[in-house]
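Participant: Input sequences plus hints: build the corresponding full structure.
Protein chains in written order, with the working numbering: chain A, 1 to 241; chain B, 1001 to 1241.
Keep in mind that the hints are not guaranteed to be accurate.
[To be verified] To give an idea of the chain B side of the interface with chain A (calculated C-beta under 8 Å), a few residues:
{"id": "1", "residue": "1105"}
{"id": "2", "residue": "1106"}
{"id": "3", "residue": "1227"}
{"id": "4", "residue": "1238"}
Worth flagging that the hints you see were computed from the coordinates, not collected in a lab. We put the beta carbon where it would ideally sit given N, CA and C, even for glycine.
Number of protein chains: 2
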Amino acid sequence: MNLLLLHPEDFEAPPSRGQEQRARVTGRRLEHVLRVHRAGVGDELRVGLVGGAIGQGRVLELSPRELALAVRLDRDPPPARDLTLVVALPRPLVLKRVLLHATTLGVKRIALIHSRRVEKSYWQSEALTGETLSRQLLLGLEQAGDTVLPDLSLHRRFRPFVEDELSGLLMGRQGFLPDPAATRECPRAVSGPVLLAIGPEGGFIPWEVEKLGQAGLQLVHLGARVLRVEAAVPFAIARLG
Amino acid sequence: MNLLLLHPEDFEAPPSRGQEQRARVTGRRLEHVLRVHRAGVGDELRVGLVGGAIGQGRVLELSPRELALAVRLDRDPPPARDLTLVVALPRPLVLKRVLLHATTLGVKRIALIHSRRVEKSYWQSEALTGETLSRQLLLGLEQAGDTVLPDLSLHRRFRPFVEDELSGLLMGRQGFLPDPAATRECPRAVSGPVLLAIGPEGGFIPWEVEKLGQAGLQLVHLGARVLRVEAAVPFAIARLG
Chain A
1 MNLLLLHPED
11 FEAPPSRGQE
21 QRARVTGRRL
31 EHVLRVHRAG
41 VGDELRVGLV
51 GGAIGQGRVL
61 ELSPRELALA
71 VRLDRDPPPA
81 RDLTLVVALP
91 RPLVLKRVLL
101 HATTLGVKRI
111 ALIHSRRVEK
121 SYWQSEALTG
131 ETLSRQLLLG
141 LEQAGDTVLP
151 DLSLHRRFRP
161 FVEDELSGLL
171 MGRQGFLPDP
181 AATRECPRAV
191 SGPVLLAIGP
201 EGGFIPWEVE
211 KLGQAGLQLV
221 HLGARVLRVE
231 AAVPFAIARL
241 G
Chain B
1001 MNLLLLHPED
1011 FEAPPSRGQE
1021 QRARVTGRRL
1031 EHVLRVHRAG
1041 VGDELRVGLV
1051 GGAIGQGRVL
1061 ELSPRELALA
1071 VRLDRDPPPA
1081 RDLTLVVALP
1091 RPLVLKRVLL
1101 HATTLGVKRI
1111 ALIHSRRVEK
1121 SYWQSEALTG
1131 ETLSRQLLLG
1141 LEQAGDTVLP
1151 DLSLHRRFRP
1161 FVEDELSGLL
1171 MGRQGFLPDP
1181 AATRECPRAV
1191 SGPVLLAIGP
1201 EGGFIPWEVE
1211 KLGQAGLQLV
1221 HLGARVLRVE
1231 AAVPFAIARL
1241 G
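Facilitator: Laid out in structure tokens, this is it:
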């Protein structure tokens, strides 16, 4: 946790930028401050308000029950990455890591989509419940020192997504689909807004690749080595970014 | 598994390039062919000889006990990446993923080192036994369609590593250490041999950063967002590669 994320309800008065204000923290975040930061009274912690500014929090009181902070929020979180990520839903454990890494990398729009090679059971997984999803996104923000949650959308049918929704996501963006069969090399350091689509383990099936191409995605290759989804996401983002 | 890796002892006669030869597979690999590939007699599988060529294997017989293949090895595995990876030993689960991803990415030299922020207990982990290590490396090769295992070395003390061994690893290479405090941006698409050093969660301590810098590593930053080790490895490799 490189940033302690605060929610409006942690504050004694509505949080406002530039003023020193009191906040209280319990639960998982308190645990982390006690066990990992091993903070003491008077220590300064990096803090941020979910959806808002970041700043410093001075430890006023610390017990196994509660942490009280004097918080001053005074600057913007790191800039977002203007990249929309479309990912075929991976298996639950991999999904958790993909969401965490994408959020850490500053992605603010994530669409999880179906594909022939996505097991139907993944859509029933506990990893897709609101609480588990938002936990991974918050962990990603804490890691990045960021406060702005990504928009996350679920698309349980491939065809309506690619025919009706993808064009909206692509508006004003260059879209790229890494594909080992592509002849064009993936460009580096693309300027301007980007959409990146990552297939399931085993790849999108040929019909899906064709539909994604028709919708406007450019097929590009990232070398002879096919990466697992959780490595492909940071690898391709670094390449494009 | 994008490639079925064969060992010399799987072959009826010593394997040789360009000839059709019979090989037998059991255990985990047989399981995978049965459950995931769902191959049948006559199907062609991508195969490779550990440390050798890749090619095709035609299924001659397939039962829950054994797979018999007619193997023809006829081409080289994908080229290696001329990148040496030095990583502060992560916790066991993360180590497994880092080894898998690095191997998939074509890294052929991996040094796991100690650092103040590496918990001593990690050096006693089951993840560091020969069998577990080689399993992760083989999984990485299978994913990449590669056959050449990386060299892996363990360095349980930071100071002897940085003072006596790092200069040898750096010979003829540019070395980079991503550090959020660095003023120089990490270069893109560096040509020639590279060494990449990745710190532990929380980073190398200042004294370690200084020692690594004195040994010849260039401090570079990868943006305001600090990534977890398992994401930092593919991200930084893509950036440099």
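Participant: Now tell me, hint by hint, if it's right for this structure.
Facilitator: Tested hints:
1. 1105: Because about 6 Å separates residue 1105(B) from the closest Cβ in chain A, which is inside the 8 Å limit, the hint holds.
2. 1106: holds, 6 Å
3. 1227: This interface hint holds because 6 Å falls under the 8 Å limit.
4. 1238: Holds, because the Cβ-Cβ distance from residue 1238(B) to chain A comes to roughly 4 Å (cut-off 8 Å).
In summary, this structure violates none of the numbered hints.
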